[in-house]
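Visitor: The residues making up each chain are set out below.
Protein chains: 2
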Amino acid sequence: MSLIVQKFGGTSVGSLERIARVATRIRSARDRGHDVVVVVSAMSGETDRLLDLARRAQERPDLRELDVLLSTGEQVTIALLAMTLQESGCAARSYTGHQVRIGTDSAHTRARIVHIDDQRIRADLAQGRVVVVAGFQGEDEKGDITTLGRGGSDTTAVALAAALGAHECQIHTDVDGVYTTDPRVVAEARRLEVLTFEEMLELASLGAKVLQIRSVEFASKYGVPLRVLSTFEDGPGTLIGPDREDNPMEQPLISGVAFNRDEAKITVLGVQDRPGVAFSILGPVADENIEVDMIVQNSGADGTTDFTFTVHRNDYARTLQIVRERTSQWRASEVTGDDRIVKISLVGVGMRSHAGIASRMFRALAAESINIQMISTSEIKISVVVDEKYLELGVRALHTAFGLEENGALEGGVSR
Amino acid sequence: MSLIVQKFGGTSVGSLERIARVATRIRSARDRGHDVVVVVSAMSGETDRLLDLARRAQERPDLRELDVLLSTGEQVTIALLAMTLQESGCAARSYTGHQVRIGTDSAHTRARIVHIDDQRIRADLAQGRVVVVAGFQGEDEKGDITTLGRGGSDTTAVALAAALGAHECQIHTDVDGVYTTDPRVVAEARRLEVLTFEEMLELASLGAKVLQIRSVEFASKYGVPLRVLSTFEDGPGTLIGPDREDNPMEQPLISGVAFNRDEAKITVLGVQDRPGVAFSILGPVADENIEVDMIVQNSGADGTTDFTFTVHRNDYARTLQIVRERTSQWRASEVTGDDRIVKISLVGVGMRSHAGIASRMFRALAAESINIQMISTSEIKISVVVDEKYLELGVRALHTAFGLEENGALEGGVSR
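Here the protein sequences come in this chain order: B and W. Using the numbering used here, the first residue of the first sequence is number 1, and each one after it goes up by one. Using the numbering used here, the first residue of the second sequence is number 417, and each one after it goes up by one.
Bound conformation, chain B alone (with noise of 0.2 Å):
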C-alpha cells in the first residue's frame, strides 16, 4: 500500500458541494488502495476577505497578526473536509500547520518550512484514518503562527509528501494537467503525459500558471514526483518528475511552448563597452524593486555596446525614466523602449543533447515572416521576443515546428 500525498486548492475547496466532490476523489484513492493524506487551501474567496478585513484594520497591517488571521481560513477548510469525510463514512482527522509541527523560519507571511514532524500522520495513517493538513501554514520557534506566501498550500503539500516518502505528490486544480501551450492560441495543445522538474519550473515562470515555482524547486530537491491533475474530471494529468536522460528515447525533444505578454523591453545604445557597465545600469533598477528578465548585450566594433533588457510591463515606464536620468553618466547615445512586445519559448530538456534546435525554431518564425528581436537561451530553454501582434502566429508556428500537437513528439526532433 503506497502513500499519496493530494493537494487540493480553494476553487477546489470553493464550497461545500465542492468539498464533496473532493471528499469522493480521495476515497476512491482510498479504494485503490493508497494510504491518503491530504492538504488543502483556504475556501476561494476567503483570503481575500480576510485581507481585506485586516487592511482596514491597520493600514499596514501587521505581518506577524496578518498570519493570525490567514490562518483560520485553512482551518476551516480542514474541518470541514474531515466532516465530510466521515459523513461518508471515510474515517478522517484534521491538523493545523501547528498540530503536525509544520516548523518554519520566522518570516511571517513568507516562511520557510524548516521541519516536519511526521509521528501524529504516521499514527493516524496506521489507524486507517485520512489525514487532513492545513496547507499554507505552519509555525516558528517561538510557537507564533506562520504562513508561506501565495502557493504555500503547494509547498506544504511537497514537504509532507518528502516528509512521509510519499510515492507521490498530486496537485488538484481546475486544469487537467500541462499543456503544450496554452489551448486558448493552439486549439491542438496537448497535454503532457510526462515532464522534468526543469520543463517544469521553466514553463511555470513563463506563464503557464499550474503549479507555483517554489513547490516545484522544493519537489525537484527532494525528488518528490508530482502529479498535477483535475479536481473535477478523471484521467492521468502530468507527472512532474526527476530528469530522465538516461533514457533518451523516452524524452521528447520539445516539452512546450510557453509565452508571457506581460513584458516590456529597455535598450541602452551606445554604451561605452567596460566592466561594470551592466551593474551600473541594472543596480539603479534593482533598487527600485524592479525586476528584469530578460538580459541581452552585444558588444559592437567601436568599442560601444547596446544594452537590453526587460521588465514588467507595469514597471516599464518608471524603468524607462530611471534609465533616461542616467542615460549621460553611460555616456550613452540613446534609450530606447518597447512595449508591445510578448516573449516565446521553446522548452524542452530534449534539446540538450540535439543540435540545431534553435535554427530549427528560427526558421520556423523566419517562415512567418515574423522578426525577432531578443534571443536569450539557457540548457532547456530557447527565448525569443518578437512584437506582440506575432504571438498567436508564432506560438502556432513552433507548436507545428517542433510536432507537439503528436504524441511523441521524439519523432519530430531534427537531429532525426
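Because the hints were derived from the structure by calculation, they are not lab data. Beta carbons: idealized from backbone N, C-alpha and C, even for Gly. A few of these clues could be false.
Stated by the list, open to error - From the derived model, a few chain B residues whose C-beta atoms are all more than 10 Å from chain W: (1) A162; (2) D262; (3) A286; (4) H312; (5) R340.
Stated by the list, open to error - Chain B is faced by these chain W residues, among others (derived, beta-carbon under 10 Å): (6) E475; (7) D478; (8) V484; (9) Q491; (10) R509; (11) S510; (12) T512; (13) G699.
Said to hold, decoys possible - Anything over 12 Å on all C-beta distances counts as not near chain W; from chain B, calculated: (14) R110; (15) G223; (16) E291; (17) L365.
Following the hints, position chain W against chain B.
Guide: Just chain W now, with coordinates in the frame of chain B:
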C-alpha cells in the same frame, strides 16, 4: 500598576467599527495605568455561520472537528483587535488558546480548563504590550483544539484573571450592569453597585442573562472580582465579589427580583408517600435529558403526597407524556400540568440574617391578589410560581415592597 482582564463578547466585536470602540476602551484602561489582558469572542454571527456549515457537512458534526472549525472565529477577532490596537499606537499581541497553553480536558465543545501557562503573557505585559487572547478555546493533552461551550469566553477571562492574579475581571456586555430586575418590566429598576457571587448565581440562573453561571462559579472559586459593564457607555457597572457579610451595614437586604417565563409545571397527585418516589418520577425524565428546575413535595395526611416540578416549556409536552405513561406504577390518582406559569424570585444575601422576608414577600403578592402555586426557598432566594398573567404585577409589587428602586435598599429591610 494593577492588572485587569477585560472581556468583550461577540456583539462588542461584531464589526471593525465596534472593534475600534473596544480598542478605545482598552487604551483608556491603559491610560489609567493598568496592565491589560483582553479576551474576545468570535464576531457576532460568525459562530452560527460556522455551525451551519458544519451541520451541512455532517449530520451530527464530529465534536473534535467542530472545535477545529469553531475556534477560528475567535482567532479572527484576536488578530483584528491586535491590528486595530497597533494602528492606534498601542503595542499589542494576539494569542490563540493553544499558544498560551489554555490546557483543558478532552470534552470537545464543552471542555473544562485545567491549566493556564502565563509565561508568554507576563513577558508581553512586562514589555508594555496589551495581550489579546482568544476566548472560548484551549487544547487538550494530545494537542487537539477544544472549546469551552457557550459563554466560554467569560470562563477564559475569569481563568486568566485567576492565573494572573488580576485585580479585576471586567466583562463588557451590551448592558451597563446588573439590575434589581428587568427594566423592561419595572421602569424604576436600578443598577446594582455591588453583588455577591452567590446572588449573581441566583440572578443569572433565573434569567438575568448577563453572565454565564459557569464563569461566576469559577470567579467565586478563585475569588476573582468580576465587574459587568457596558462596552459602549462609560460607567462603573456592577462589581460582583466575595461575600461581604462581615460588614452587614453595607449589605443590602435584597438585591433583585428575577423571573423566568420559560417554565412549565407538572404535578403528580396522590402518589404513595414512600421512599424512592421522587426518584421513580424524576428518573425517567432525567433519562430523556430533560432538565428539572424547581421540585416541591408536600406530604398529605392520608399516606399520599402531591409531587410538583418544573421543566423548560419546550420540554413540557414530552415530560407530561413520560410522566403520564407511568402514572399507574406510582398509583397516582392524577397527573396535571400547566405551561402558563412564571417563576418570580427574590434574591439577596441579606435575607440570611433577616427574618420575615418570606412573609413580607407573600404579603406583597397577596395585596395584589396574586395566588401562589408553588414555593421554593434557598439560603438567599425565595421563588414562587404564579400564573403568567401576574408576571409584571408581581415583579413590580416585590420591587416596590423591598424598596429596590431606592439606593441603599437596606433601610427598607423588614427587621428594622
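Visitor: It remains to establish, for every hint, whether it holds in the given structure.
Guide: Against the structure, the hints come out as follows:
1. The Cβ of B/A162 sits about 23 Å from the closest Cβ of chain W, beyond the 10 Å cut-off, so the non-interface label holds.
2. The claim that B/D262 lies off the interface holds: its Cβ sits roughly 33 Å from the closest Cβ of chain W, which is beyond the 10 Å cut-off.
3. Here B/A286 stays apart from chain W, with its beta-carbon at least about 31 Å from theirs, past the 10 Å limit.
4. Once the 10 Å rule is applied to beta carbons, B/H312 is consistent with being away from chain W; the minimum gap is 30 Å.
5. Residue placement check: B/R340 keeps its beta carbon more than 10 Å from all beta carbons of chain W (closest about 42 Å).
6. Of the supplied interface hints, the one on W/E475 holds, with its beta-carbon coming within about 7 Å of a beta-carbon of chain B, less than 10 Å.
7. A cut of 10 Å between beta carbons decides the hint on W/D478: the least distance to chain B is about 5 Å, and the hint holds.
8. Annotation: interface hint on W/V484 holds; nearest CB of chain B at approximately 4 Å, less than 10 Å.
9. Look at W/Q491: its Cβ gets to within about 5 Å of chain B, closer than 10 Å, so that hint holds up.
10. Hint on W/R509 holds. Least Cβ distance to chain B is approximately 7 Å, under the 10 Å limit.
11. For W/S510, the interface hint holds, since its Cβ comes within 10 Å of a Cβ in chain B; the closest pair sits about 5 Å apart.
12. The restraint placing W/T512 at the interface with chain B holds, with a minimum CB-CB distance near 7 Å, inside the 10 Å limit.
13. Among the interface hints, the one on W/G699 is violated; its C-beta lies about 34 Å from the nearest C-beta in chain B, farther than the 10 Å criterion.
14. Consistency note on B/R110: stated as away from chain W, and its beta-carbon is indeed over 12 Å from all of that chain's, at 17 Å minimum.
15. No Cβ of chain W comes within 12 Å of the Cβ of B/G223; the nearest lies about 31 Å off, and the non-interface call holds.
16. Taking the minimum C-beta to C-beta distance to chain W, about 29 Å, the non-interface status of B/E291 holds against the 12 Å cut.
17. Separation of B/L365 from chain W is adequate, the least Cβ-Cβ distance of about 53 Å exceeding the 12 Å criterion.
Hint 13 alone, counting from the list given before, is not met by this structure.
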